[in-house]
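These protein sequence lines map, in sequence, to chains A and B.
Each residue of the first sequence is one higher than the one before, counting from 9 in the working numbering.
Each residue of the second sequence is one higher than the one before, counting from 182 in the working numbering.
Just so you know, these hints were derived from the structure itself, not from any lab.
It is possible that part of the hints are untrue.
Derived lysine-lysine pairs resembling DSSO-like cross-links, with alpha carbons at most 27 angstroms apart [to be verified]:
(1) A:K265 - B:K220
(2) B:K349 - B:K311
(3) B:K220 - A:K239
(4) B:K323 - A:K271
(5) A:K239 - B:K228
(6) A:K271 - B:K228
(7) B:K224 - A:K246
(8) A:K238 - B:K323
(9) A:K239 - B:K231
(10) B:K228 - A:K246
(11) A:K149 - A:K175
(12) A:K265 - B:K228
(13) A:K271 - B:K224
(14) A:K265 - B:K224
(15) B:K224 - A:K239
(16) B:K292 - B:K323
(17) A:K142 - A:K111
(18) B:K292 - B:K277
(19) B:K355 - A:K238
(20) A:K246 - B:K220
(21) A:K271 - B:K231
(22) B:K323 - B:K311
(23) B:K220 - B:K231
(24) A:K166 - A:K149
(25) B:K231 - A:K246
Derived list of chain B stretches under chain A, where covered just means 3 residues or more per stretch with a C-beta under 8 angstroms from a C-beta of chain A [what the hints assert, rightly or not]:
(26) 198 to 206
(27) 209 to 221
(28) 229 to 238
As the structure is a computational prediction, the values presented were derived from the model and not from experiment.
Glycine included, C-beta positions come from ideal geometry on N, C-alpha and C.
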Amino acid sequence: MKQFKILFLFLFIGIGRTFSQDNSLSTNNSLAQHESHEVQNPAAPGHEAANQEPSHSGSSPAAHESHKFDPKETAFHHISDLNVYSIGPWNFPLPCILYAPSKGWSVFSSGRFQIDDNHHGTGQKIVDGYVLNKGRINRIKANEFPAGEVALDEIITKKETVSGKEKEQDYAMAQGREWLLDKPSTADGGLFGGGITSFYDFSITKNVLSMLLVFALLAWVFLSMAGNYKKAPGTAPKGAQLLMEPLILFIQDEVAKPFLGPKWERFLPLLLAIFFFVLGLNLFGQIPFFGGSNVTGNLSFTLVIALISFIIVNVNGNKHYWEHVFWMPGIPAWVKIILTPVEVLGVLIKPVTLTLRLFANITAGHMAILIFICLIFVFGNSGANTGAGIGASIGSGLLTVFMMSIELLVAFIQAFVFTLLTASYIGAATEEHHADANHH
Amino acid sequence: MNSFFYSILLVDFSPLKPDFGLLFWSSVFFLLFWFLIGKMAFKPIVKALKDRQDEIQSSLDAAKDARAEMSNLKAENEKILAEAREEKMNIIKEAKESATIVIAEARDKAKEEAQRLLQQANLDIENAKKAAMVDVKNEIGKMALQIAEKVIRKELADKPANVDYVNKLVNEVKDN
Numbered sequence: 009m010k011q012f013k014i015l016f017l018f019l020f021i022g023i024g025r026t027f028s029q030d031n032s033l034s035t036n037n038s039l040a041q042h043e044s045h046e047v048q049n050p051a052a053p054g055h056e057a058a059n060q061e062p063s064h065s066g067s068s069p070a071a072h073e074s075h076k077f078d079p080k081e082t083a084f085h086h087i088s089d090l091n092v093y094s095i096g097p098w099n100f101p102l103p104c105i106l107y108a109p110s111k112g113w114s115v116f117s118s119g120r121f122q123i124d125d126n127h128h129g130t131g132q133k134i135v136d137g138y139v140l141n142k143g144r145i146n147r148i149k150a151n152e153f154p155a156g157e158v159a160l161d162e163i164i165t166k167k168e169t170v171s172g173k174e175k176e177q178d179y180a181m182a183q184g185r186e187w188l189l190d191k192p193s194t195a196d197g198g199l200f201g202g203g204i205t206s207f208y209d210f211s212i213t214k215n216v217l218s219m220l221l222v223f224a225l226l227a228w229v230f231l232s233m234a235g236n237y238k239k240a241p242g243t244a245p246k247g248a249q250l251l252m253e254p255l256i257l258f259i260q261d262e263v264a265k266p267f268l269g270p271k272w273e274r275f276l277p278l279l280l281a282i283f284f285f286v287l288g289l290n291l292f293g294q295i296p297f298f299g300g301s302n303v304t305g306n307l308s309f310t311l312v313i314a315l316i317s318f319i320i321v322n323v324n325g326n327k328h329y330w331e332h333v334f335w336m337p338g339i340p341a342w343v344k345i346i347l348t349p350v351e352v353l354g355v356l357i358k359p360v361t362l363t364l365r366l367f368a369n370i371t372a373g374h375m376a377i378l379i380f381i382c383l384i385f386v387f388g389n390s391g392a393n394t395g396a397g398i399g400a401s402i403g404s405g406l407l408t409v410f411m412m413s414i415e416l417l418v419a420f421i422q423a424f425v426f427t428l429l430t431a432s433y434i435g436a437a438t439e440e441h442h443a444d445a446n447h448h
Numbered sequence: 182m183n184s185f186f187y188s189i190l191l192v193d194f195s196p197l198k199p200d201f202g203l204l205f206w207s208s209v210f211f212l213l214f215w216f217l218i219g220k221m222a223f224k225p226i227v228k229a230l231k232d233r234q235d236e237i238q239s240s241l242d243a244a245k246d247a248r249a250e251m252s253n254l255k256a257e258n259e260k261i262l263a264e265a266r267e268e269k270m271n272i273i274k275e276a277k278e279s280a281t282i283v284i285a286e287a288r289d290k291a292k293e294e295a296q297r298l299l300q301q302a303n304l305d306i307e308n309a310k311k312a313a314m315v316d317v318k319n320e321i322g323k324m325a326l327q328i329a330e331k332v333i334r335k336e337l338a339d340k341p342a343n344v345d346y347v348n349k350l351v352n353e354v355k356d357n
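Full structure from sequences and hints, please.
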């Protein structure tokens, strides 16, 4: 009980510090940035082009007054992967492993960016052309930018039309001019606004660190469990065994055995790995005030697990399975011609649904909680209306507690559903052919 | 609607973009977890659980067997006991029967013996009586003879016809 009290005290001090700093420091910073920007304005008159007017007005004094709390940006920022681990007011630097095809590898700590105490986690230094932009590493596209540490004045955002699409572009202000910033390369091929840029980010990010922590925790739990069984076989279970055994048996008896038939033993380690890794990360992401990592709510992670499940399903697919995909037996040929593309699509859509289901569920949960918290600041008018803020705190607090309880359930359900569907896909691909003429 | 869609896309919604670094590290950690923990922890754990399940099942089966065996034994014991009781009753019955037979036989034998002894005794008595009668006859004859001798001696001298008569009398007595 006493420990809980201390923990709560600690958390509240942490929150208090976060928000007080957020308010005071951000106003200081924006003022400072605003001043430096005004000084630079005459030096770069060309930037006053008509299409860039909106972005510049974003840092004009009038707009600064109206620069209020933006719930959408806050929510997206908190569910994004970052190169800094923020717990309350503390920013823990993480190792950066970056590769730019034109410059080669760069490895350094994100502490070198001199992250400001502002909660947004923007760096104050440019390191080898890399910039920490709201917690995420960006790179100055121009190769002529000097290596080593260079002071970063500010980062400005402009709305631009790039190849027919309206897009927001970030620019770093340094050495008296603007530098176009590149975001890390992504594998979506421009589908979601990403694509290959001038560098790749292989850093140990917040999500990677979370994965590492969950991996270590699960490894410790399961290895010590396995050790217990080896050390004292045939004794009553205790400790972690009591917690994990029902889960393992649940996956074994309710998922592996019914779906995989006699081959269940071969695929059980994969199913258990998916279930516990996803569950561990789901739950880790829901620890309040612990960085709120969002690994299972990131498409990269869910895509990897879904692809591994896809590979396992199709590598193990037997003749019967492929026959049903490409040339369904027992139906007229003209139907087969229609059916085959549908079946092939079905094979390819399965991993996509796996990817999106987990991603959407976890992201939606995080978003809902973040938006409830954001409501406090919206109603409180960023501190201007204390009464409404207090009222909203109570309402949002209750809604958040409700949402978090649901998210706990969702954490289990989504881990279970992912495992169950993987098992059912493997089961369908490895099912033995029954001598049944009507079966198709 | 379109502008709303763009406004969503305009914000850097990075979780939707598969980042190469995160793809790489996710693969590394998941495969490591699968192979390492799968091999070193899940397999032994599942095996241990299976062993324990089998052990519990076999123990339960053994207990059930033992209980069945015990009830069998009990039934058998009861059967043996019942048989013994029946046997006892039979033996007692037989013993009683044979006892009555023996007693009856003994009684018959005794009766027969007594009969025989009685007959013997009667015969003996008859014989003795006869012998005694003969003796008595002889004695009486002798005595009568002596008496007669004496009487006759006194009278005989004069009547030989008397002597014959006496003898005739004696003979008559003898015939009796």
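Verification of the hints:
1. The straight-line distance between the Cα atoms of K265 (chain A) and K220 (chain B) is roughly 19 angstroms, inside the 27 angstroms bound, and the hint therefore holds.
2. In summary, the hint linking K349 (chain B) to K311 (chain B) is supported, as the alpha carbons are separated by about 23 angstroms, within the 27 angstroms threshold.
3. Of the supplied pair hints, the one linking K220 (chain B) and K239 (chain A) holds, its CA atoms being roughly 17 angstroms apart against a limit of 27 angstroms.
4. The straight-line distance between the Cα atoms of K323 (chain B) and K271 (chain A) is roughly 140 angstroms, outside the 27 angstroms bound, and the hint therefore fails.
5. A distance of roughly 14 angstroms separates the Cα atoms of K239 (chain A) and K228 (chain B); the hinted pair therefore holds under the 27 angstroms criterion.
6. The suggested pairing of K271 (chain A) with K228 (chain B) holds, with an alpha-carbon distance near 15 angstroms, which does not exceed 27 angstroms.
7. With a CA separation close to 19 angstroms, the supplied pair K224 (chain B) and K246 (chain A) stays within the 27 angstroms bound.
8. Simply put, K238 (chain A) and K323 (chain B) have alpha-carbon atoms about 135 angstroms apart, too far for the 27 angstroms limit, and the pair is violated.
9. For the suggested pair K239 (chain A) and K231 (chain B), the alpha carbons sit about 16 angstroms apart, so the restraint of at most 27 angstroms is met.
10. For a cut-off of 27 angstroms, the pair hint linking K228 (chain B) to K246 (chain A) stands: about 17 angstroms separates their Cα positions.
11. For the given pair, K149 (chain A) sits about 17 angstroms from K175 (chain A) by alpha-carbon distance, which is consistent with the 27 angstroms threshold.
12. Distance restraint check for K265 (chain A) and K228 (chain B): the Cα-Cα separation of roughly 15 angstroms lies within the 27 angstroms cut-off, and the hinted pair is therefore satisfied.
13. Restraint check for K271 (chain A) and K224 (chain B): satisfied, since their Cα atoms lie roughly 14 angstroms apart, inside the 27 angstroms limit.
14. Between K265 (chain A) and K224 (chain B) the alpha-carbon distance is near 15 angstroms, which keeps this suggested pair within the 27 angstroms criterion.
15. For the hint linking K224 (chain B) to K239 (chain A), the alpha-carbon distance of about 15 angstroms falls within 27 angstroms, and the restraint holds.
16. Using a Cα cut-off of 27 angstroms, the hinted pair K292 (chain B) and K323 (chain B) is violated, with the two alpha carbons roughly 44 angstroms apart.
17. Pair hint K142 (chain A) plus K111 (chain A) holds up; C-alpha atoms about 24 angstroms apart against a cutoff of 27 angstroms.
18. Between the alpha carbons of K292 (chain B) and K277 (chain B) the distance comes to roughly 22 angstroms, so the proposed pair stays at or under 27 angstroms and holds.
19. Proximity of K355 (chain B) to K238 (chain A) is assessed by CA-CA distance (about 132 angstroms); at most 27 angstroms being required, the pair is judged violated.
20. With a C-alpha separation of about 22 angstroms, the suggested pairing of K246 (chain A) with K220 (chain B) holds against the 27 angstroms cut-off.
21. Using a Cα cut-off of 27 angstroms, the hinted pair K271 (chain A) and K231 (chain B) holds, with the two alpha carbons roughly 15 angstroms apart.
22. A threshold of 27 angstroms between alpha carbons decides the hint, and for K323 (chain B) with K311 (chain B) the separation of about 17 angstroms falls inside it, so the pair holds.
23. Under the criterion of a C-alpha separation no larger than 27 angstroms, the hint pairing K220 (chain B) with K231 (chain B) is consistent with the structure, at around 16 angstroms.
24. For the given pair, K166 (chain A) sits about 16 angstroms from K149 (chain A) by alpha-carbon distance, which is consistent with the 27 angstroms threshold.
25. For the proposed pair K231 (chain B) and K246 (chain A), the alpha carbon gap of about 17 angstroms is at most 27 angstroms, so the pair holds.
26. Only when three residues or more bring their CB closer than 8 angstroms to a CB of chain A does the claim for the stretch 198 to 206 of chain B stand; here the count is 9, and the claim holds.
27. Counting residues of the stretch 209 to 221 of chain B whose C-beta sits closer than 8 angstroms to any C-beta of chain A gives 11, which meets the bar of three, so the coverage hint holds.
28. Restraint check on the stretch 229 to 238 of chain B versus chain A: 5 residues with Cβ-Cβ distances below 8 angstroms, three needed, restraint holds.
In this structure, the earlier hints numbered 4, 8, 16, 19 are contradicted, and the remaining ones agree with it.
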